[in-house]
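Engineer: Below are the chains, spelled out letter by letter.
Protein chains: 2
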Amino acid sequence: MSDLNQTITGFDLWHLELPVTSRRDHGIGSVEGTCEVVILRLTSEDGTEGFGEASPWSVFTGTPEATYVALNRYLRPLVLGSRVADRAAIMTQAAYAVAHCTEAKAALETALLDLAGRISGVPVWAMLGGKCRDTIPLSCSIANPDFQQDVALLDQLREDGVRIVKLKTGFRDHAFDVMRLEHLAQNCPEFSVRVDYNQGLSIEDAPAQVRDVAQFQPDFIEQPVRAHHYGMMARLRDQIDVPLLADESVFGPEDMERAAREGICDGVSVKIMKSGGLSRGQTVARIAAAHGLSAYGGDMFEAGLAHLAGTHMIAATPEVTLGCEFYQASYFLKEDILEEPFIVRTGKVLVPEAPGLGGRPDLGKLNHYAVAKAVAA
Amino acid sequence: MSDLNQTITGFDLWHLELPVTSRRDHGIGSVEGTCEVVILRLTSEDGTEGFGEASPWSVFTGTPEATYVALNRYLRPLVLGSRVADRAAIMTQAAYAVAHCTEAKAALETALLDLAGRISGVPVWAMLGGKCRDTIPLSCSIANPDFQQDVALLDQLREDGVRIVKLKTGFRDHAFDVMRLEHLAQNCPEFSVRVDYNQGLSIEDAPAQVRDVAQFQPDFIEQPVRAHHYGMMARLRDQIDVPLLADESVFGPEDMERAAREGICDGVSVKIMKSGGLSRGQTVARIAAAHGLSAYGGDMFEAGLAHLAGTHMIAATPEVTLGCEFYQASYFLKEDILEEPFIVRTGKVLVPEAPGLGGRPDLGKLNHYAVAKAVAA
Numbered sequence: 001m002s003d004l005n006q007t008i009t010g011f012d013l014w015h016l017e018l019p020v021t022s023r024r025d026h027g028i029g030s031v032e033g034t035c036e037v038v039i040l041r042l043t044s045e046d047g048t049e050g051f052g053e054a055s056p057w058s059v060f061t062g063t064p065e066a067t068y069v070a071l072n073r074y075l076r077p078l079v080l081g082s083r084v085a086d087r088a089a090i091m092t093q094a095a096y097a098v099a100h101c102t103e104a105k106a107a108l109e110t111a112l113l114d115l116a117g118r119i120s121g122v123p124v125w126a127m128l129g130g131k132c133r134d135t136i137p138l139s140c141s142i143a144n145p146d147f148q149q150d151v152a153l154l155d156q157l158r159e160d161g162v163r164i165v166k167l168k169t170g171f172r173d174h175a176f177d178v179m180r181l182e183h184l185a186q187n188c189p190e191f192s193v194r195v196d197y198n199q200g201l202s203i204e205d206a207p208a209q210v211r212d213v214a215q216f217q218p219d220f221i222e223q224p225v226r227a228h229h230y231g232m233m234a235r236l237r238d239q240i241d242v243p244l245l246a247d248e249s250v251f252g253p254e255d256m257e258r259a260a261r262e263g264i265c266d267g268v269s270v271k272i273m274k275s276g277g278l279s280r281g282q283t284v285a286r287i288a289a290a291h292g293l294s295a296y297g298g299d300m301f302e303a304g305l306a307h308l309a310g311t312h313m314i315a316a317t318p319e320v321t322l323g324c325e326f327y328q329a330s331y332f333l334k335e336d337i338l339e340e341p342f343i344v345r346t347g348k349v350l351v352p353e354a355p356g357l358g359g360r361p362d363l364g365k366l367n368h369y370a371v372a373k374a375v376a377a
Numbered sequence: 001m002s003d004l005n006q007t008i009t010g011f012d013l014w015h016l017e018l019p020v021t022s023r024r025d026h027g028i029g030s031v032e033g034t035c036e037v038v039i040l041r042l043t044s045e046d047g048t049e050g051f052g053e054a055s056p057w058s059v060f061t062g063t064p065e066a067t068y069v070a071l072n073r074y075l076r077p078l079v080l081g082s083r084v085a086d087r088a089a090i091m092t093q094a095a096y097a098v099a100h101c102t103e104a105k106a107a108l109e110t111a112l113l114d115l116a117g118r119i120s121g122v123p124v125w126a127m128l129g130g131k132c133r134d135t136i137p138l139s140c141s142i143a144n145p146d147f148q149q150d151v152a153l154l155d156q157l158r159e160d161g162v163r164i165v166k167l168k169t170g171f172r173d174h175a176f177d178v179m180r181l182e183h184l185a186q187n188c189p190e191f192s193v194r195v196d197y198n199q200g201l202s203i204e205d206a207p208a209q210v211r212d213v214a215q216f217q218p219d220f221i222e223q224p225v226r227a228h229h230y231g232m233m234a235r236l237r238d239q240i241d242v243p244l245l246a247d248e249s250v251f252g253p254e255d256m257e258r259a260a261r262e263g264i265c266d267g268v269s270v271k272i273m274k275s276g277g278l279s280r281g282q283t284v285a286r287i288a289a290a291h292g293l294s295a296y297g298g299d300m301f302e303a304g305l306a307h308l309a310g311t312h313m314i315a316a317t318p319e320v321t322l323g324c325e326f327y328q329a330s331y332f333l334k335e336d337i338l339e340e341p342f343i344v345r346t347g348k349v350l351v352p353e354a355p356g357l358g359g360r361p362d363l364g365k366l367n368h369y370a371v372a373k374a375v376a377a
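Protein sequences, first through last, are from chains P and F. By our numbering, the letter at position 287 of the first sequence is numbered 287, and the numbering carries on one by one without gaps. By our numbering, the letter at position 44 of the second sequence is numbered 44, and the numbering carries on one by one without gaps.
Some hints could be false.
A short, non-exhaustive set of chain P residues, derived as facing chain F with CB atoms under 8 Å [to be verified]:
no. : residue
1   : Phe60
2   : Thr61
3   : Thr63
4   : Glu65
5   : Ala66
6   : Tyr74
7   : Pro77
8   : Thr92
9   : Tyr96
10  : Ala97
11  : Ala99
12  : Asp173
The calculated SDA-like cross-link candidates involving lysine to any residue, where the alpha carbons are at most 20 Å apart (straight line), are [said to hold, decoys possible]:
no. : chain 1 : residue 1 : chain 2 : residue 2
13  : F       : Lys373    : P       : Ala372
14  : P       : Lys373    : F       : Ile343
15  : P       : Lys348    : P       : Gly161
Since the hints were made in silico from the structure, they are not lab data. The structure displayed is predicted, hence computed values, not measured ones. Every residue gets a Cβ at the ideal spot worked out from N, C-alpha and C, and that includes glycine.
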């Protein structure tokens, strides 16, 4: 019997509130004080453990409580007693076992992959197609309503070798966005700049403001209008030379197919928390590439465990060409949850070589930050 | 000061488990033992109370736990201290305050309408455009895996004057569906018959099975394939003379616009639990009508309070021409939660004339069936 034919015997959960260093304003909403994630631990018969993280955002993908209960009540019965080998079957069932809750499904696939990888002695990327890169360029977001704090962050990023920043726009007013773009152009020429509205613009304001911002020639402009405004996305795309990217408009492969068909974007933000797993995230990137569109590895407000999952996905997905945004563990959380830090070196995320995810959470931190848990004695 | 300028001072919740009389199998999943709903009570300064019900289904719209927390944590702050008058402003904020959770938003709008109606002394339908009908034809679903129990139910429905049934198909096999359609054709000629797959067919099976079922000339065939299979919906529509209706493919106005544009259906199931409220449900029906498409008033596994909300919406929406499905309070729940029964007479739902919803839940039953509650002392 293959070791992967072990059954899964343990299914434990922690709902965490993790303190953060600063406020972040996005077009879609704000995060301040703490961010909340849910950690899943699967255990197989021989005691091997696999971990996964769900990183919900209540205004974007869903609430942490919905994530927690999706795992605890609706997905747990599909998993306990199943074989580690049967990942595709489990994920197929999970897709329809509970509506929405894509972060819960991402955590489940992550934990199943980590478990299988540790049992087999291979990294997660080896189970997703093999590796196409050893490092991934990191983009850090500039999203503080107090721009002076972001100026200090830019100094730190420069020193750390980070060379991509994404300016979050559309949460205050156009003058504030232009002021910050001018600051970046004048004082930070070494940085590539991306612009992300997170749906922050109205249909009335979008064309003029987006054309104006395009004159700064950012790498791309992301999701200026509401997720379902496909028609306006397509019109904006035609009005600028800068690539237009979709984020909230594209959760899974079903959306990506439609987005490509309706010509709403030049590229897409792939996030395992939106797609409902690493495999579906790969599919989003591949549908995009089949249409000649680009992709980058986005994230939610995550801890290092979700960063690791995203890193393995991107490491195995050549179609994700525009780097990643896994900055929170290093630049946003007061303390990450991993035993060993998530590694960013000279502005690049290092792809792990160890089995599974190549990192695991510190149980002491899980228990310390937990506001709810379901852990077998 | 208008009485509607009172502020909302109370916001109480009950998460109920309501025992049901039989198992129901749908293409999307099954319900057995109990169904779960969440009841919201709003109280205004003068002590007037308004009630609303959220009726989630975990495989369809979301989980009851997600609904409960959406109301308790994410929507409560928008509501407490707001004026009863400011319903449109509250609902606009609620739409983006938490992702998904359309049932929670439906409960909120229902309670706001009930409260405003009781304060003003007018029925809810008067605030939604005025009335276009006094009764609504009732359709009851035939969904028991044990068809002999449904044969007994058909006898009861016949005796009660109900003349529309909807056969739930696609959960076992085609032969079972055809056998039941033949039974209805031979033994129940007085019933209009509708067919609903709830996404139960694969792309491979759908064309042949749907064409076959269309030969029985049901009133319509509903949602044979997965919600996102718009292309196949459009193809199936072209292959049959019977109207094809969309249910899971259309949640809110954003979906309806696309469904009409892509020609996936001849009509739509309007449900306030999908659209996120009564007003948005009306909009779905009106977009459909603007495209020459029909609409009926669907529901989830609801108690009588949600039936009342749907009844008022349909009473004020001429575009909903195909009746309603508010059968659960009478034919599915072991006991409904309303103080006075939800009234169905000779197969028609009676539109209430009393202020607000024209009915309210029995507090003793709320407390009896509650598995969680957040009720101020």
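Engineer: Which hint numbers does the structure go against, in order from smallest to largest?
Structural biologist: Hints 7, 8, 12, 14 are the ones this structure does not satisfy, whereas the remaining hints hold.
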